[in-house]
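Build the full structure now, drawing on both the sequences and the hints.
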Amino acid sequence: MDTTGGLIGRDEVLAVLRASFDQAAAGRGQLLLIGGEAGIGKTAVAGAAADLAAAQGALVLWGRCSETEGVPAFWPWAQVVRAAAEAGTRPPAAVAALGWAGTAEPADASGAAVSTARFRLFDATAGFLAALGDSRPVVVVVEDLHLADPDSLALAEFAARQLPGGRVLLIGTYRGEEATGQLRHLAGSASLISLAGLRPAEVSRLMTRHLGREPDDDEARRMWDRTAGNPLFVTELSRLAGVRGVTDASGLAVPGADSVRDVIERRLARLPQDCVHTLAAASLDTQALRPGLLQQALAVDVETHLELAAAAGVLVRTGNGLRFAHDLFREVLAAGLTGDAQATLHLSLARALEEQAAAGGLAYPAELAAHYCAVSLTRPDPAVRSAAVRHSRAAAAAAAARLAFADAVGHLERVLPLLDTDVATRLDVLLELGEARRKAGRLALARVTYLDGAALARASADHPRLARAALGLHAVGAKTGPSTEREQTIGLLQQAAGTTGLTPQLAALVNAALARDLFHSLDAARTTRARQLAQHAVTLARGSRDRWTLAHCLIAAHDVCWRPGSARERLTILDELLALARQLHSADLIAQARLLRATALLELGDPLAHAELDLFCRESEQLGDAAARWDAQSRRAAAALLAGQLEEAGALIGAAGRAAQDMGSADAVLIHDIQRWELARFQADRGSYRRLRPDAEPPVETWPPWRALLAADGGEPERAAAVMAGFPVEQSDGPGATVGYDLWFPSIAAEAAARCGSSALRRQLYERLLPLAGTHVVCGATVAYSGAVDHYLGLLAASLGEHSAAADHLAAAVAQHHQLGASAWAQLSALERTRVGRAAPAAAPNRFRREGAVWHITYRGKTIRMPDAKGLHDIAALLAQPREPVPATQLAGLVAPAGAAPVLDDQARAAYKARLTELDQEIDDATADSDLERASRAAAERDALIGELSRAFGLGGRRRRLGDDSERARKAVTARIQHAIDHLQRYHPDLAAHLRAAIRTGTACSYQPAEPVGWNQ
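Sequential numbering of the sequence shown, starting at 153, is according to the working numbering.
Hints may contain errors.
Straight-line distance between alpha carbons at most 16 Å, and here's what the computed EDC-like set of lysine to aspartate or glutamate pairs gives [said to hold, decoys possible]:
(1) K631 with D819
(2) K1022 with D1134
(3) K631 with D675
(4) K1022 with E1003
(5) K631 with D847
(6) K631 with D370
Just so you know, the hints here were simulated from the structure itself, not pulled from any lab data.
Okay, structure coming up:
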């Protein structure tokens, strides 16, 4: 870039643009905005920069915003992508929603998929531009950003964040005095060039170009004084002077020429009036003039008029036909029309568009809506109003299908005042407006809109629309826990649930939504009712035979039973949901079911959770968009943390956190903060931990256990103890909660209590967690793994001085962590176990002895008496031979017959293994082909085969035999021992926990305590 493109007085600006292009060509892309008043030369400067970039081999793509109403959302970006396609590249299918090919494909933008779908569109567009830069630099010019719709500006802001690593220079022009708040926010992250007027000497050079002579210094100074160096103003006044034959400075003082608009009016005044009328009609249409449409609307010699305007410099020819030489011409022409004249032209253009559409032409609903709405402002004709409403609703639906929700809001807000008397249509528009506002992120307005709709539906006894308003209010959401908004939603859903005339599908969805809102209010008194409603919703959904409805009701059923210790119950629901998701070919539902299955399996300590989580991540990665990549990245970070791969976990957490900030998702940033907390646990860094968004929900910074751990890890034990003083166990489910889904907050409370809480609090938390011994703490949907429950029981027991119980719990935790592959956690529990061992006093002798029909049992100084039972005999036999396997047949008094046939013979076993190999290959092939449905089917069959093999082989892979005494003995002895331990739980929980952790059952049973335990028998 070594020329100035013929511009006068813009050398310094072009030097900045040249440097910006060079940086972009070197892989340091950026956003550069050129601002200034109308006529200052923004387009000329951008055009010169684009020409110079093209001369160096860059691909230049143009998009222009328009003030014409009816232009679809994302219009400038559609032009950019279309220009890229015309240059020989093939845009990906994911950017079709921009409408670059003429029409947009409907997008899946329902429910929680809204933000994800919109993010995928933005990411696909930015990724497409970045990919274009792989082969050569790219310059994208978007003109008149002050006229851009909110969705186009949101896409510009997103794309700008992706530029630094690519070879793309994004240039935007705008009028600073007309910039919206959203555009000013965008400008805050851009390099800015503010164009000022030309200097007097430069004004003189521009005058020379148009006058054909060099003005004297006085003429140039007077022109500069009058125009402040505005190039367009200088040009127009110079042309006017040339037309009038003015040869001295005094002739330039044109009466009334106080602005550029005045000069333009004078230019237009030189054209015939019928030509100006044609141009006025064109000013109400799109940027690129459509002679055929104007001809059909006006029935005059449009071609002659346009040729005259082009000859006068009012119009210019481009690769896409004629357009106004400057938007000021359009503005002046439109402003010169009376209200009635505007309405007449709008109506003519609307009818011409409808005639073209009827003949098979393309007419955007937004264009028709804009014309009819403009007419309805001055002409209260029922037919015109009806057309305005019809086309506006169609335009809103088209915008929503393209994820342009702010545009959809605008269409619906514009026609709402036209529906004072049509109650049914007004109700429908209110419901559509509520949905559009919700999806546009205007949640407070969406809530008000749904409440207005509900009030109107209630007054007109319209029960189905009342139900839809209630479901819309539910979709707006409310913070977890008690709130005015949630109670408002519950009240409206209860009204809807109590009405008649709903379809089974609608009734099911209302009951499911009510169940979820009751449950998420975190009011323990509402839990039972929530579960009843969820079950009723599932029953209604099954009766309707609508699979989509059933899937959403199953999610509600899963949610309302999500509590500590509910993993097996949830897995049953999730198995059905996963099967249903496959039938619906819903990648989102399949992913949701897999992630929730991994969570439940982790809570149970089942190593199969790793495979389920890995499959979730692989399927998410295959989707290819950034939101799905974040899903995979954040859960691979959780998996690395679980496995103790701390360096890899740190890198993944950092990458996922950056992606979360790019997405602008508060939930994703919260997940990032949680994972940072868990990583800090192993890096001795919690004392300096701070959340990225300390003001975000939940307010953990005010929750005593959180504050206490920060203080304790920061070397302030006294302050930590003071913070925990008086903390009630009822608040251990987290800030403001009295019931919770998982054990993440209770585990934090347990650790804080063990370190600096009262003895009473430690005992209460120990008793709360004890029934959950043997399970694991998982935060949310596998956001983070936080260790075995026995780890926290061990910490609490040790803090209570119950060293033997603490040792058993921690030994059990070590074993459970090893089984799950949680190496860092195993080391942490082992370290705590060592500390307990050093602090423990000499223990009283343990006893397990039967005297007559009563067993006298002592453990850790506590003695109980139990009635005789077969399971106690089995336990006593194992305690007498620690670490020695005892055949179940021996415990049962049986002898296994020789030669009993195995449950699976060698041939069947080989067939199973061969099929597993085939399925592994099929999963890999399907994943490589992005065929997630085939991969899911193969994975499901593989899981089922593994389950069958597990049932056919015992401990250590030993084959089980059909009908032999050893198999019967295994089942009988296992049941007896389990029953005895369950009975002990009521009278000696510590002993029951120890035996559960130490006794192994199967065809051979054994007592294998983590540390030697002596027994007197």
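Verification of the supplied hints:
1. At roughly 12 Å between alpha-carbon atoms, K631 and D819 fall within 16 Å of each other, so this suggested pair holds.
2. Restraint check for K1022 and D1134: satisfied, since their Cα atoms lie roughly 13 Å apart, inside the 16 Å limit.
3. With a C-alpha separation of about 14 Å, the suggested pair K631 and D675 falls inside the 16 Å cut-off, and the hint holds.
4. For the suggested pair K1022 and E1003, the alpha carbons sit about 14 Å apart, so the restraint of at most 16 Å is met.
5. Proximity of K631 to D847 is assessed by CA-CA distance (about 14 Å); at most 16 Å being required, the pair is judged to hold.
6. Note on K631 and D370: the hinted pairing is violated, with a Cα-Cα distance of about 70 Å set against a maximum of 16 Å.
In terms of the numbered hints stated before, the structure departs from hint 6 and from no other.
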